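Number of protein chains: 2
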Amino acid sequence: MEFVCNLPTKIYFGDQLVLLGKELEKYGKKALFVYGGGSIKASGLYDRVTGLARGAGIELFELSGIEPNPRIESVRLGAKMCKEHGIDVVLAVGGGSVLDAAKYMAAGAKVGFDPWLFLSEHAPIEEALPVVTVLTLAATGSEMDGGGVITNLQTHEKLGRMEDILRPKASFLDPALTFSVSAFQTAAGSADILSHIMETYFTTEPDLYMLDGIMETLMKTVIKYAPVAMKKPDDYEARANLMWASSWAINGFITGAKPQAWSVHPMEHELSAFYDITHGLGLAILTPRWLEYCRNEKTLPRISRFGENVFGLAPSGDLEKDADAAIKALSDFLFGDLGLTSTLGGLGIGREHFAQMAQKAVKGGVVEGFIPLAAADVEKIFEMCL
Amino acid sequence: MEFVCNLPTKIYFGDQLVLLGKELEKYGKKALFVYGGGSIKASGLYDRVTGLARGAGIELFELSGIEPNPRIESVRLGAKMCKEHGIDVVLAVGGGSVLDAAKYMAAGAKVGFDPWLFLSEHAPIEEALPVVTVLTLAATGSEMDGGGVITNLQTHEKLGRMEDILRPKASFLDPALTFSVSAFQTAAGSADILSHIMETYFTTEPDLYMLDGIMETLMKTVIKYAPVAMKKPDDYEARANLMWASSWAINGFITGAKPQAWSVHPMEHELSAFYDITHGLGLAILTPRWLEYCRNEKTLPRISRFGENVFGLAPSGDLEKDADAAIKALSDFLFGDLGLTSTLGGLGIGREHFAQMAQKAVKGGVVEGFIPLAAADVEKIFEMCL
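Chain order of the listed sequences is A and B.
If you read the first sequence in numbering that gives the first Met the number 0, its first letter stands for residue 0, the second for the next number, and so on.
If you read the second sequence in numbering that gives the first Met the number 0, its first letter stands for residue 0, the second for the next number, and so on.
Treat the hints with care, as some may be off.
In silico BS3-like pairs for lysine-lysine, Cα to Cα no more than 30 Å straight-line [claimed, not checked]: (1) 25(B) x 168(B); (2) 231(B) x 168(A); (3) 257(B) x 230(B); (4) 297(B) x 109(A); (5) 109(B) x 257(A); (6) 219(A) x 109(A); (7) 168(A) x 297(B); (8) 21(B) x 320(A); (9) 297(B) x 297(A); (10) 79(B) x 257(A); (11) 231(B) x 223(A); (12) 79(B) x 29(B); (13) 297(A) x 9(B); (14) 25(B) x 168(A); (15) 168(A) x 9(B); (16) 257(B) x 40(B); (17) 28(A) x 257(B); (18) 109(B) x 25(A); (19) 25(A) x 9(B); (20) 362(B) x 320(B); (21) 327(A) x 297(B); (22) 9(A) x 257(B); (23) 168(B) x 230(B); (24) 231(B) x 9(A); (25) 79(B) x 168(B); (26) 257(A) x 28(B); (27) 257(B) x 25(A); (28) 230(B) x 297(B); (29) 327(B) x 257(B); (30) 9(A) x 230(B); (31) 21(A) x 109(B); (32) 168(A) x 219(B); (33) 230(A) x 257(A); (34) 28(B) x 25(A); (35) 109(A) x 82(A); (36) 9(B) x 28(A); (37) 25(A) x 223(A); (38) 82(A) x 168(A).
Think of the hints as simulated: they come from the structure by calculation, not from any bench.
Please read all numbers here as calculations on a predicted model, not as lab measurements.
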């Protein structure tokens, strides 16, 4: 049981954005400044970032309009701008979509080929420009990991990859920058954080006791604070806990010696690729059905433990009953406390592409997660979500 | 509430020592190979390390005989060897003492003055040679932090310091290398790990919920597995959990936004400096008395919570009673399950230096920890340990 733990991203947590200029100037004088829509202008963050960067003598080249579920077209444009302007560092300000896109721009800047090949053909990523991030949404964990997911709407593909070289050099995590996140985005982001942990937590492999406990703590943190942040958007304690839990859910620490294929994310990526729905919402709809589908003699103890240690349910002595209760507690949280839409039907999605999406989710093979899932299994799980 | 999280050490966990040569050659061709006594020769580790390093074309310069409670004389010698031989990287193989000494050798190699000034005068550490470690004892966490404690027996001083620049570049953590650790050293190391967490956990500041839960998980991990490893030294699961918990107890992650002065370590450093006792044993003797001394209206809730969440004690509704039970559970663990000597008297230590040690522990001032401790307080705590 071997693993490598490599967490090189320097995190500035709290009100430390004033150090942004100093951090950027470590890498050079020209930054590609990547962001999404107008929200950072409305909030004043745009002015703070540009002021701090220019105050440190950094020349900024702006690329705005990065989409939720970021598109390969944006990545291509960013990589081209890096080459044209001799960019030294990519500065990503926003949520996971902006950060993910920025990472592939940073890698694309170093190659002569279409950056989509990083995703579609797993083309080698041997070099990348340094990436510095300012996070405005607790959800994907992109601020501390080497991952990124890019959508190609032409091919109906949403593909991701994890590489240490794509980990940001530094990330600024100020919980106050997430006060303006809407209740819906807070809920969807929280469902995303939970899913990252659950993809690792639900396993039939023996685990390190310590990491199980840490995963349970992270899940309890999300369950405790997501509803608080939805009701009181400027609750610093809630936003801080969500933000830090989000980073640790996916930076590689909890995976430890127990890597396994993720199950729910590949299914959700098909939903987003076909219907462009919010990632966390898709995960929320899928997860309880996936757990239900995974129930068997081997998985029941783990599902029951989840109910006991994460939701504080008293064990009944009957694993079947305890698993029922655990899955119900999770559904109640996602669709009750977080108020997320509970079915694909509720989003106007029908079964017409399920067979095709299922094939793509398992890449024509079998995903070896909590239970092995072939295309037929995934199709059944999609059906359960209708 | 701001903090910086910076964890640059790359960890190779499990049976991956075969990558040692590849890691060393990143930094150059000449390594100072620092280790303690003959135990790594007896275990075969010496031969593996030298074979792997030489196989990668690394020239090794050996410095053995690093003491438990490592001495400044060893550090001076190592720094001198680094300069004389043009060393590129310091390779430390052993427990925390060897690693601590190696860090100050790496820093001493870059300056013209006596490295003791790093400790006694807080002389600036602006540069250091890269340090790579192979850990053989789970205790101090030196493999992933920037700390190190050095003893000067001439001045009766045992002083430490934390600097990011002293964090190892890479550490090899193979739990199997700790199979040969004796029951006593396993117990003392486990007391050290627990103490690192407790120094942070016991606070009257409000905390991040997430980090509290993670600290409780780390403490539960030590409490569960230390007795297992003592009874069955080659229990991989137990050794792996202790080893990984040890690194995370002190790498800075759990401190988060809540830095406070440590209380028990400065007291223990005086014990070790005066009597050269095993660090973890000194911590074990001091900790329950320190908690007892800290009891007041403000601290009782935290002590009670510790009993409930770490030892699984049922709350009685009476905080005084719950704190009693928590401190008793800790004592039972340290002196019962771990079998450590419970008093200073049991080690042949009397009160003759208490006043002087107490003055030195608080540096003539007040340590602001769980409760503020002046010299008179520390002296009383020493008395409680007799």
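*Starting from the hint list further up, note which numbers the structure goes against and sort them upward.*
Result: hints 2, 3, 4, 5, 6, 7, 8, 9, 10, 11, 13, 16, 17, 20, 21, 23, 24, 26, 28, 30, 32, 33 and 37 break, sorted rising.
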